[in-house]
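**Student:** Quick note, the sequences are listed as chains A and B, same order. Sequential numbering from 350 applies to the first sequence in this note's numbering. Sequential numbering from 9 applies to the second sequence in this note's numbering.
FYI, nobody ran anything at the bench for these hints, they're computed from the structure. Do not take every clue at face value.
[As the list claims (entries may be wrong)] Cross-link-like lysine to any residue pairs, in silico, SDA-like; alpha carbons within 25 Å at most:
| id | chain 1 | residue 1 | chain 2 | residue 2 |
| --- | --- | --- | --- | --- |
| 1 | A | K455 | B | P112 |
| 2 | A | K455 | B | R52 |
| 3 | B | K65 | B | L49 |
| 4 | B | K65 | A | S376 |
| 5 | B | K73 | B | T21 |
| 6 | A | K455 | B | D46 |
| 7 | A | K455 | A | V393 |
| 8 | A | K455 | A | S356 |
| 9 | B | K25 | B | P69 |
| 10 | A | K419 | B | D104 |
| 11 | B | K65 | A | V377 |
| 12 | B | K65 | B | P91 |
| 13 | A | K419 | B | P112 |
| 14 | A | K405 | B | D104 |
| 15 | B | K65 | A | S379 |
| 16 | B | K73 | A | R442 |
| 17 | A | K459 | B | P47 |
| 18 | A | K459 | A | E387 |
| 19 | A | K459 | A | G434 |
| 20 | A | K419 | A | G434 |
| 21 | A | K455 | B | D67 |
| 22 | B | K79 | A | V393 |
| 23 | B | K79 | A | R442 |
| 24 | A | K419 | B | G50 |
[Unchecked claim] Far from chain A, by Cβ distances over 12 Å, these chain B residues were calculated:
| id | residue |
| --- | --- |
| 25 | P16 |
| 26 | T28 |
| 27 | S32 |
| 28 | N34 |
| 29 | N36 |
| 30 | Y72 |
| 31 | K73 |
| 32 | S75 |
| 33 | K79 |
| 34 | S90 |
| 35 | P91 |
Note that the Cβ used here is the ideal one computed from N, Cα and C, for glycine as well.
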Amino acid sequence: TQLLEQSPQFLSIQEGENLTVYCNSSSVFSSLQWYRQEPGEGPVLLVTVVTGGEVKKLKRLTFQFGDARKDSSLHITAAQPGDTGLYLCAGDRGSQGNLIFGKGTKLSVKP
Amino acid sequence: EAQVTQNPRYLITVTGKKLTVTCSQNMNHEYMSWYRQDPGLGLRQIYYSMNVEVTDKGDVPEGYKVSRKEKRNFPLILESPSPNQTSLYFCASSFDGAGYPGSPLHFGNGTRLTVT
Numbered sequence: 350t351q352l353l354e355q356s357p358q359f360l361s362i363q364e365g366e367n368l369t370v371y372c373n374s375s376s377v378f379s380s381l382q383w384y385r386q387e388p389g390e391g392p393v394l395l396v397t398v399v400t401g402g403e404v405k406k407l408k409r410l411t412f413q414f415g416d417a418r419k420d421s422s423l424h425i426t427a428a429q430p431g432d433t434g435l436y437l438c439a440g441d442r443g444s445q446g447n448l449i450f451g452k453g454t455k456l457s458v459k460p
Numbered sequence: 009e010a011q012v013t014q015n016p017r018y019l020i021t022v023t024g025k026k027l028t029v030t031c032s033q034n035m036n037h038e039y040m041s042w043y044r045q046d047p048g049l050g051l052r053q054i055y056y057s058m059n060v061e062v063t064d065k066g067d068v069p070e071g072y073k074v075s076r077k078e079k080r081n082f083p084l085i086l087e088s089p090s091p092n093q094t095s096l097y098f099c100a101s102s103f104d105g106a107g108y109p110g111s112p113l114h115f116g117n118g119t120r121l122t123v124t
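Make a model of the complete structure from these sequences and hints.
**Tutor:** See below:
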């Protein structure tokens, strides 16, 4: 069974700090997506990474796909209260074209 | 506005009373899916559909039914709800299969179901 494990489960930091959250698996994924979910809303896609070793930047967010395509990280520089939310990673299971989600990292950025 | 619309947003019902949660998308997407989200368990896929009249079980299909008679709609049916189906449900759609690059999942805003 493919599993995606995210760590840490919870993270509470002060505005301006940097942080990294992780998404790990023993399985290889053809692509991996990161979503952010805010209370009362559905998840919203942040980025998709496809190539092993790929790095993508979205303003203060940096996403990296592991060389072996089994893991990924999300680094936030100078976190802001608006970054607060649940960060979910999701891996493509391949031929069926559907996703498996990790349980998420709940981030709280205090002003 | 491109969106996935779920109804209702909140629903309280009793054990055994059949209910339907509707889902509609206006983006002409081929792929649609239902997830449930529970504390400590994350998002788990219930059913998905790659196209009209094509549906497949996800990871937790027991107690649920779906249908895909037309491209835009993908209702979730609970024939005999039980308390363990109390959860937050999300419908999602994408152009060409979830996870494919360039085909992100678009989620609805969720339906919070309570079964007493």
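**Student:** Taking the hints in turn, state whether each one holds.
**Tutor:** Results for each hint:
| no. | hint | result |
| --- | --- | --- |
| 1 | A:K455 to B:P112 | holds, 22 Å |
| 2 | A:K455 to B:R52 | holds, 17 Å |
| 3 | B:K65 to B:L49 | holds, 18 Å |
| 4 | B:K65 to A:S376 | holds, 21 Å |
| 5 | B:K73 to B:T21 | holds, 17 Å |
| 6 | A:K455 to B:D46 | holds, 14 Å |
| 7 | A:K455 to A:V393 | holds, 15 Å |
| 8 | A:K455 to A:S356 | holds, 10 Å |
| 9 | B:K25 to B:P69 | holds, 18 Å |
| 10 | A:K419 to B:D104 | holds, 23 Å |
| 11 | B:K65 to A:V377 | holds, 22 Å |
| 12 | B:K65 to B:P91 | holds, 21 Å |
| 13 | A:K419 to B:P112 | holds, 20 Å |
| 14 | A:K405 to B:D104 | holds, 23 Å |
| 15 | B:K65 to A:S379 | holds, 21 Å |
| 16 | B:K73 to A:R442 | holds, 23 Å |
| 17 | A:K459 to B:P47 | holds, 23 Å |
| 18 | A:K459 to A:E387 | holds, 15 Å |
| 19 | A:K459 to A:G434 | holds, 12 Å |
| 20 | A:K419 to A:G434 | holds, 24 Å |
| 21 | A:K455 to B:D67 | holds, 23 Å |
| 22 | B:K79 to A:V393 | holds, 22 Å |
| 23 | B:K79 to A:R442 | holds, 23 Å |
| 24 | A:K419 to B:G50 | holds, 19 Å |
| 25 | P16 | holds, 14 Å |
| 26 | T28 | holds, 19 Å |
| 27 | S32 | holds, 14 Å |
| 28 | N34 | holds, 15 Å |
| 29 | N36 | holds, 17 Å |
| 30 | Y72 | holds, 16 Å |
| 31 | K73 | holds, 18 Å |
| 32 | S75 | holds, 18 Å |
| 33 | K79 | holds, 16 Å |
| 34 | S90 | holds, 23 Å |
| 35 | P91 | holds, 22 Å |
Checked against the numbered hints above, the structure breaks none of them.
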